[in-house]
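> Residues per chain, in single letters:
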Amino acid sequence: MSHRGGERDFQTSARRMGTSLLFQLSVHERELDLVFLDHSYAKPWSAHPDASSARPTRMLFVTPRRHQDSTIEADIPIDVETVTSTPVPLYDNQKARSVMNECERHVIFARTDADAPPPPEDWEEHVNRTGWTIAQNKLFNKILKALQSDRLARLANEGACNEPVLRRIAVDKCARRVRQALASVSWDIKLVQWLHTTLVETLSLPMLAAYLDALQTLKGKIPTLIDRMLMSSTTKTGAAGAEALSLLLKRPWDPAVGVLSHNKPSKLPGSPLILIASSGPSSSMFPTSRRHRFWQSQLSCLGKVIPIATHLLNNGSGVGVLQCLEHMIGAVRGKVLEIHNHFPHKPIILIGWNTGALVACHVSVMEYVTAVVCLGFPLLTVDGPRGDVDDPLLDMKTPVLFVIGQNSLQCHTEAMEDFREKIRADNSMVVVGGADDNLRISKAKKKSEGLTQSMVDRCVQDEIADFLTGVLTRAEGHSGSEPRDQDAEKKKKPRDSARRDLAFELPERGSRPTSPAAKLPASPSGSEDLSSVSSSPTSSPKTKMATVTSVQKSSQIGTAQLLKRHVQRTEAVLTHKQAQVPISSDQTEEADKEDLRGQLKRQHPPSPPPGSKSSKRAKIKVTIVSHGDGASGPSLPSQGGTTEGGKPITVTRGQAAVGAKELTGLLTTANTAPSAFHTLQSRLVASGGHCVAASPGSTLPGSTSASSLLQGLSFSLQDISSKTPTLPASASPGPATQASSVKLPTPMQGLGAITTGTGTIVRTIPVATTLSSLGATPGGKPTAIHQLLTNGGLAKLASSLPGLAQISNQAAGLKAPTTITVTLRGQPSRVTTLSPMGTGAASLEESTSQALPSTPQRLPPAP
Amino acid sequence: MATQYFKTVEHTSTNEKKSFKLKKPNYQLKFTLDGHTRAISAVKFNPKGNWLASSSDDKEIKIWEVYSGTYMKTLTDHNLGISDIAWSSDSELLVSASDDKTLKIWNVGAGKCTTTLTGHTDFVFCCNFSPQSDIIYSGSFDENVRIWNVKTGGCLRCLSTHSAPVTAVHTNQNGSLLVSGSYDGLCRIWDTVSCQYIKTFMSDNCPPVSFVKFSPNGENILTATMDNTLNLWDLKKEKCLKKYIGHKNEKYCIFADFSDTDPKLIVSGSEDNLVYVWNLETEEIVQKLQGHTDIAISTACNPKLKIIASAALEKDKTIKLWEK
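Residue numbers (our numbering), protein chains in the order written: chain A, 9 to 871; chain B, 12 to 335.
For the record, the hints were derived by calculation from the structure and aren't laboratory data.
This structure is a prediction, so every number in the text was calculated from the model and none was measured.
Hints should not be assumed to be uniformly reliable.
To list a few chain A residues with every Cβ distance to chain B over 10 Å, as calculated [what the hints assert, rightly or not]:
| hint | residue |
| --- | --- |
| 1 | Lys-103 |
| 2 | Glu-132 |
| 3 | Ser-157 |
| 4 | Ala-161 |
| 5 | Gly-167 |
| 6 | Trp-195 |
| 7 | Lys-229 |
| 8 | Ala-252 |
| 9 | Arg-299 |
| 10 | Val-313 |
| 11 | Val-327 |
| 12 | Val-373 |
| 13 | Asp-445 |
FRET-style restraints, in silico, Cβ to Cβ [unchecked claim]:
| hint | chain 1 | residue 1 | chain 2 | residue 2 | range |
| --- | --- | --- | --- | --- | --- |
| 14 | A | Glu-346 | B | Tyr-208 | 58 to 66 Å |
| 15 | A | Lys-451 | B | Gly-120 | 40 to 48 Å |
| 16 | B | Met-213 | A | Ile-197 | 49 to 57 Å |
| 17 | B | Asp-215 | A | Leu-213 | 48 to 56 Å |
| 18 | A | Arg-299 | B | Thr-125 | 45 to 53 Å |
| 19 | A | Arg-299 | B | Asp-202 | 26 to 34 Å |
| 20 | B | Ala-175 | A | Asp-235 | 46 to 54 Å |
| 21 | B | Gly-60 | A | Asn-149 | 41 to 49 Å |
| 22 | A | Leu-417 | B | Cys-251 | 33 to 41 Å |
| 23 | A | Ser-106 | B | Asp-202 | 20 to 28 Å |
The beta-carbon is built from N, C-alpha and C at its ideal position, and this holds for glycine as well.
With the rest of the complex left out, here is chain A (with noise of 0.2 Å):
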């Protein structure tokens, strides 16, 4: 990719994480983007002129080392006095402090006599041992040491500016002995509980919140032994002693606990699916790790987390491990695949620690998903490093990240260096200092740096967010050059990026034309809307009508909102078309509508609801947002009537064929603009239909209708299904590509765009030879937007919208959305022009508009 992007990147990562404290974490280890942000000419320092996909690697905590220089040395003179200055704590002390405290704060609630004067403080003394037997006074014992050198290390830590870390480490130890020593008497019930009621009885209070300390922590970890051990004390203090305990002891305490919970990450852009592949067959003995559920928890604050588990057959008795592992990768993929089916329009990301990360690479080669991340990635083999030349790997066009503990057993920096640099796919390293395979940091390292094992965790889930971030809205970063209005993409954020990272895929898709049915079917706008507006992505889509009523006069605000941008850079104003195909429904729920209105009336804030009053209709919008020059926009030749002054065309049901058949007759402007349509074809497919933004439709003086586009769309959508076979592959640049200016990156790209438009069609395929009959008779019925809703595969929308269903009967079983909007987008100056510069390539946004080359000649004669 091209370094401009990478840049981009680096800025808006480091906008987005600048202001958060856990940025600050690591940032000592940062400088390479301070440079970057200060010098954005300049290259990355590792850039590598046969690895231009492997981006620099990323530093997380790693210190750097220090050369030592004797020379120098000696005339310095020797500081005895100046104390080098500690690095200050990155969790809120206090808040830390508090929470470390909390055990000695209520340790009251432990004791099983509360009126008692609490033993002094040289109980040890004191303690009856009478009646004891060998195993207790062992057991006692043991605990006591644990205890005593918790002790030692609280009162030795006391006053350190990174206390609450140190204080976390020592507990962490103390319990481990503590667990050591139940455990050497395999947690005895009766001993066991014979020793928690003694030492309550006898411990003195710090001890005993030490003693506290350590069942906090046990509890995490083997909650069921402890809560067996507590049982017996919990029979005596009573049930208020009992819960205050329970509440005492419900999870342990950890430093970072302010800074984790002010700074929550958001969800990444495009609500993508994040499939997690397991690094092992799974089984009811051997649950998945605790870490593994950890992180299984913190990615679903990134977006909805489907594992993937595998369950060896036969109890895995005669499984070999390449059968397992062929299992595996077979689980994955048919997840993928089922996933693709039911909810085509998102994005898929792939995670896996260890071998899960090899299974999701590999996963990768053959389907379709939008990046991979992997956590641990085993590169070390017994027979040396992967990425040898027949290693299926290298063939990886996915964009991948890595995470590498530095320490880490499978894998080391320099060989992951590499191997990156062989791999195709754009590709990103994190590594962790001091972390092993699992991503956990050392006790040393905590210790030295003042880290928490939550604070590591989080700062790679930024990075991953980051990264995916990144891969997500990558096709933002071909399009603009000027930075965006931060407020409008707060605002516009769900529709925004969900056309980002949809046009992103295009270069992906594009490359990989094999497997057909793993592509992604484009959606039109109404689903992905719609998305949006459902709370879970996986809540199963109810029926939903886009009851778009409003009165559009020249400019409406909600769509001014969209493209606000767009706006501020072209000043121009903008116009909008709506087409509403209302269909009555007698299913309609009211407080569906309701609410929907409610998310629609913050969009178009100012226009009164007209169509509320029909609440037994629903309708199929179609948006067209024109976006040309300010003055021609309103005063375009509206076609067949279609468009006055900006009015949404309202073709209730009878009327479709009518209207319909007037857009066909567009059909012969649009053949003298092929690469116009091509343009809008292509992106409408690619970017999943919603919001499609196709620059050339207003500057064709005879196709400023947008329905004519749609019309000619829907044909050349035919059109191409029809002869996809015979499609190249891999276009060369037509006509048009001469029309790309200096906007588009590099002739790459627009390659790249024209390949993506096969691999659209190709996949559109299945839906569209079910049309073919219909697409032969196009006049007579509504078929430009049938054809167009049918396309976009809608999954489950069309099946609950009986309406929809009748209208689209002549594909029974087919689904439809209920939005399109499509927005056309011109440069004011080329409104009227019809030269091939005029076509408005020039002015196409992002690189995929460009036209394919060899289509317009394929396109049918307007009847």
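Model the placement of chain B on the given structure of chain A, informed by the hints.
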């Protein structure tokens, strides 16, 4: 007191009448504090710098006012001579290490012993507070270092890796590290939390270590060995940076101290009855303080004022305050 232990060979200082040019700093005798009835073993300024505590073989601790050089009070409770004393960081507590195998924590204001720390099986020779003053470290002739809880008086830990009497214990400025020196010639650096030793320093030929101390910033340690040498070590690089020689130190555990005046100085007593002052950087002797009539066993630098205190053994029994 334990210093007597080494008095088997009585040392008479050769009278050095060598005239030497006094360079800066020019310390002059200000007060001579008389009061102890036996040899003085240690003098320590409190962190505020206004009091001086002295311990002696006469089982007493005396507190002196620094500015006026007046005697304030005496703390008595030990059964045998006292080898070392240390102030807590808030100047309210004192800990003393005695030949009666105990340590005592004193409330200076009340003038009373608050806690007695028992556990050592031989003379307790050195002691120090942690910076937070909630832990006391002590070294003993039983070759162990013990860690005590100030609040409860309980022994938290016993470190026994030295193979000879422990002569000095000291923590760095944040209390994370402990250094202990021993006659076995080793200086061990301990992690105070885990009680594992991290590093070991030793000079060539392993001369017995008579004294160790962290520098104020905790990045260097100063060691005195019984081969008439003081060494300044870099803790991180584990190498010797400076070597201070010229004095005489072969039999006694003589204290040394950093002086944060400008230029930085190293101050140590000597077995030739003088107090030597070195320039820390250049290693040269910048002054010799003459006045004591016996071995200047203990020296201390005032943390606030440019005052050096020195104390001498049996034949002298006085404390001298030197001011620049």
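> So, for every hint listed, does it hold in this structure?
Now the hints, each set against the structure:
| no. | hint | in the structure |
| --- | --- | --- |
| 1 | Lys-103 | 22 Å, holds |
| 2 | Glu-132 | 7 Å, violated |
| 3 | Ser-157 | 7 Å, violated |
| 4 | Ala-161 | 4 Å, violated |
| 5 | Gly-167 | 4 Å, violated |
| 6 | Trp-195 | 27 Å, holds |
| 7 | Lys-229 | 22 Å, holds |
| 8 | Ala-252 | 27 Å, holds |
| 9 | Arg-299 | 25 Å, holds |
| 10 | Val-313 | 39 Å, holds |
| 11 | Val-327 | 45 Å, holds |
| 12 | Val-373 | 48 Å, holds |
| 13 | Asp-445 | 25 Å, holds |
| 14 | A:Glu-346 / B:Tyr-208: 58 to 66 Å | 59 Å, holds |
| 15 | A:Lys-451 / B:Gly-120: 40 to 48 Å | 42 Å, holds |
| 16 | B:Met-213 / A:Ile-197: 49 to 57 Å | 53 Å, holds |
| 17 | B:Asp-215 / A:Leu-213: 48 to 56 Å | 51 Å, holds |
| 18 | A:Arg-299 / B:Thr-125: 45 to 53 Å | 49 Å, holds |
| 19 | A:Arg-299 / B:Asp-202: 26 to 34 Å | 28 Å, holds |
| 20 | B:Ala-175 / A:Asp-235: 46 to 54 Å | 52 Å, holds |
| 21 | B:Gly-60 / A:Asn-149: 41 to 49 Å | 46 Å, holds |
| 22 | A:Leu-417 / B:Cys-251: 33 to 41 Å | 38 Å, holds |
| 23 | A:Ser-106 / B:Asp-202: 20 to 28 Å | 27 Å, holds |
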